[in-house]
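Visitor: All chains, full assembly: derive it from the sequences and hints.
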Amino acid sequence: MFAKLFRSRPSVQSEPSGSIPNGQRIYAIGDIHGRLDLLKDLLARIAADEMDRAPAETQLIFLGDLIDRGPESAQTVEFLRLLALERTTGRTRFLTGNHEEVFLSGLDGSEKALRFFTRIGGRETILSYGFSEAEYDSLDYPELSAELQARVPAEHRAFLAGFEDMIIIGDYVFVHAGVRPEEPLSNQQRKDLRWIRGEFIEHKGPFEKIVIHCHTITESVEMTAHRIGLDTGAYASGKLTAMGFEGDRRWVIDTAP
Numbered sequence: 673m674f675a676k677l678f679r680s681r682p683s684v685q686s687e688p689s690g691s692i693p694n695g696q697r698i699y700a701i702g703d704i705h706g707r708l709d710l711l712k713d714l715l716a717r718i719a720a721d722e723m724d725r726a727p728a729e730t731q732l733i734f735l736g737d738l739i740d741r742g743p744e745s746a747q748t749v750e751f752l753r754l755l756a757l758e759r760t761t762g763r764t765r766f767l768t769g770n771h772e773e774v775f776l777s778g779l780d781g782s783e784k785a786l787r788f789f790t791r792i793g794g795r796e797t798i799l800s801y802g803f804s805e806a807e808y809d810s811l812d813y814p815e816l817s818a819e820l821q822a823r824v825p826a827e828h829r830a831f832l833a834g835f836e837d838m839i840i841i842g843d844y845v846f847v848h849a850g851v852r853p854e855e856p857l858s859n860q861q862r863k864d865l866r867w868i869r870g871e872f873i874e875h876k877g878p879f880e881k882i883v884i885h886c887h888t889i890t891e892s893v894e895m896t897a898h899r900i901g902l903d904t905g906a907y908a909s910g911k912l913t914a915m916g917f918e919g920d921r922r923w924v925i926d927t928a929p
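Start counting the sequence shown at 673; every next residue gets the next number (the working numbering).
It cannot be assumed that every hint is accurate.
Said to hold, decoys possible - Derived lysine-lysine pairs resembling PhoX-like cross-links, with alpha carbons at most 25 Å apart:
no. : residue 1 : residue 2
1   : Lys863    : Lys876
2   : Lys784    : Lys712
3   : Lys712    : Lys911
Keep in mind that the hints were calculated from the coordinates and are not lab data.
Guide: Structural data, given as structure tokens:
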């Protein structure tokens, strides 16, 4: 099942050319999916990387899908909520992934969304909020909805609801899933930014900016002339990936052994 999620396309087809403003440094972090262990490892590697570089105005950009599939979604949300509070305003930014979208819809009482949520890795998220497997299996959807709404802290809901859909810095646009080809960034629809796959991935031409995204899993960072994919399937592969940006330079940091 997991192997089917990987795309077999070569991971590097060509090198996109772009830059961010002088004095800034960006670390973009791919899908975490409840792997708090890998997140802590990656952030330690990022901190070490920063120590080896000149001072700069640094931002962490999380590309979405903090939750589902892995075992510690609730703990990941809390860890990052506190991290954002500890850091200076604007130094930690988050994009809404499709998994956050479905989770929030389920918390708002949509039974349809909750049913879908449990099919795309939400079961693990629900268990991370203090449900036993026996309890989870015993509840029907209305009961599960009521219990989940009661157990997810208001701070978590507010934190997730405050995520962004698009971040533009220099020659790059950071999104969760991708963009609709041929549409200017000002006309992009939220559903595409969070869900698009085939039309975006298969597009050969340029976009308004170089697109940094995740959502579509590859075994390693995927580069084309116009986009860079950073989703390396951390929840099952054990490799959570980030990319650093400074001036016209880029580099990869990951948790691969």
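Visitor: For every hint, state whether the structure bears it out.
Guide: Hints and how they fare:
A threshold of 25 Å between alpha carbons decides the hint, and for lysine 863 with lysine 876 the separation of about 21 Å falls inside it, so the pair holds. With a C-alpha separation of about 34 Å, the suggested pair lysine 784 and lysine 712 falls outside the 25 Å cut-off, and the hint is violated. Simply put, lysine 712 and lysine 911 have alpha-carbon atoms about 12 Å apart, close enough for the 25 Å limit, and the pair holds.
Of the numbered hints stated above, the single one contradicted by the structure is hint 2.
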